[in-house]
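Join the two chains into one complex using the hints; note that each chain is given alone, in its own frame.
Residue strings, one per chain:
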Amino acid sequence: MQLAQRRSTLDAMVTLRLFAGIREAAGTGRASFEAATVDEVIAQATAQFGDVFAEMVPICRVWLNGEPVDVTTAVKAGDEVALLPPVSGGG
Amino acid sequence: MAPETTGDTAESITRCELVDHAIDLGELYSWAIRPECGAVVVFSGITRDHSGDRADVSVLEYEAYTELVIERFEQIVEQARASWPEIVRVGIVHRLGEVAVGESSVVVVVSSPHRGDAFDAGRNCIDVLKDTAPIWKREVWAEGESWGLDARSIEEVDTAPLRPAETAR
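Line order of the protein sequences matches chains H and B.
The numbers in the numbering used here rise by one with no breaks, and the one at position 77 of the first sequence is 77.
For any residue, its number in the numbering used here is found by taking its place in the second sequence, counting from 1, and adding 1000.
Treat the hints loosely; a few may be bogus.
[Claimed, not checked] Rough simulated footprint, nothing fancy, chain H against chain B, three-plus residues with beta-carbon under 8 Å:
1. 1023-1035
2. 1059-1065
3. 1073-1083
4. 1116-1130
5. 1151-1161
[Stated by the list, open to error] Partial selection, computed: residues in chain B whose CB lies under 10 Å from chain H:
6. Ser-1044
7. Leu-1068
8. Ser-1105
9. Trp-1147
Hints listed in this document are in silico derivations from the structure and should not be mistaken for laboratory results.
From the three backbone atoms N, C-alpha and C, an ideal C-beta is built for every residue, glycine too.
Only chain B is shown next, with the shape it has when bound in the complex (with noise of 0.2 Å):
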C-alpha cells in the first residue's frame, strides 16, 4: 500500500498521514518544534491486550477508506486550528494494517508557545479523530477476531462537537 500523505513535511505546518510501517514518534516531535514555540504535545494513542470482555488481544489491524481519510484529517486540523489560533505545527499520523500489541496505531502531535493550546487542541484532535476517521479496527484475541468493540457511528467533522479537556472522554 501506498502511504497515503499531504504537505511537505519541512516546511508546511500541518502532517496528515496514512502509513503502514511504526510511527516515527521522535522525528514527529522533532518536526513539529519550532523556536516561537514552548509546547510540543505528543499523543500516542497503542493497540492494548484486552479490549472489553476480549482478553489476550494479540494484533489489531486497521482498515480505512484511504481516498477520504487524509481530507478528514485535514478538518480536523483546521478544525482545532479555528479554535486553538496559537498552535503552530499539527501532525496526526495514522497506521493501517498490522499493529502489534505495545505499538503505536495512531500519533497526533502539536506545538505551540504554551502549553495548554497544545494540550487542548491535541486532545481535540484524537477525539474527533475517533468520532469522524472512516477506519476500522479489528481485533484478533485468545478466543476469537472481530471488528473493534466501541464502534460509533461516523460524524462529521463540523458538527462534531470541541471538547475542552474537562468534557472529554
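So that you can see chain H by itself, here it is in the shape it has in the complex (with noise of 0.2 Å):
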C-alpha cells in the first residue's frame, strides 16, 4: 500500500469545537479535520484559521470526547475535540 493511502485510512475525521474567544478568532464553531492525533487536529486548524487563532490556543484547555487530555493523546474517527477558552459562567 502506498504511503499516502495508508495515512489516509489511518487518519480520521475528527471533529473541533470552538467556543466563545476562540470560536469568534476562527469564524465558525464547529469544523473538520483528518488527523492522527490532538495535536493534528490542532496543528491543521492553526494552519486554516489563522493568526488570532494561533495566539488562543496555548490558553486554551484542551478536551477529548468531554475529558480533558494531553496534545498527543490519538484520536478516531467520530471523535470529539475541543478547545476551551477560560470559563467564566455562573453569574
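This is the structure in C-alpha cells:
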C-alpha cells in the first residue's frame, strides 16, 4: 500500500469544537479535520484559521470527548476535540 | 435552542438544567421544599451593570458546551451530596443566550433538614460551577463588548477544592 493511502485509512475525520473568543477567532464553532492525534487537529486548525486563532490556543484547555487530554493523545473517527478558553459562567 | 435538562421535576431529588428563558425562582424554591427539611437556600446569581472597568454593562450573553454542561452540573451535585450527606433536593439551573442586567443567570437551590448544610452545599455548588462548567459570558457595555474579565482556566469537578464557607471566595 502506498504511504499516502495508508495515512488516509489511519487518519480519521475528527470534529473540533470551539467556544467564545476562539470560536470568534476561527469564525466558526465547529470544523472537521483528518488527523491521527489531538496535536494534528490543532495544527491543521491553526493553519486554516490564522494568527489570532494561533495566539489563543495556548490559553485554552483541550478536551477529547468531554475529558481533558494531553495533546499527544491519538484520535479516531467520530472523536470530538474541544478548545475551551477560560470560563466565566455562574453569574 | 432546546433546553437541556435531566430528572423528573416532580420525583427527582436533583435538577440540572440549561434554559433559554427567565428562571422561575419561586418554582425552584417550591420544588426544593420537603417535609423533612427545615431549610431551603436559594442562591441567585444576577447580571451586574459593571465589570472591572467596564461601566454601564447592559446585556450579558452566555454560551455553553451544551452537550457536556449537564453532566458537569450532575458531578457538582454528586460531590455536594458526598460532602453534605444530609442535603435533600439540589437544583442547578443556568441560563444561556442574552440576559438583561438584573436578571438571574444562574440559580442554585438546596434543601436540608438544617440550614448549615444547605448554606455550605449551596455555596460550594456555585463556587465549583464557576471553576468547572464549560460556560462563557460575553459582556456588552458602554464602550464595547467582549468576554468576561473574571474568566479562569476550566478545572475538573473531582479535583476542584471543596470550599467551606470560611474559605470560599
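The hints, checked one at a time:
1. 1023-1035: Coverage by chain H is violated for the region 1023-1035 of chain B (0 residues, Cβ < 8 Å).
2. 1059-1065: holds (count 4)
3. 1073-1083: violated (count 0)
4. 1116-1130: holds (count 3)
5. 1151-1161: Held - the region 1151-1161 of chain B has 5 residues with a Cβ nearer than 8 Å to chain H, which meets the minimum of three.
6. Ser-1044: 8 Å, holds
7. Leu-1068: With Cβ-Cβ at 5 Å, under 10 Å, it holds.
8. Ser-1105: Constraint on B/Ser-1105 satisfied, holds at 5 Å.
9. Trp-1147: 5 Å, holds
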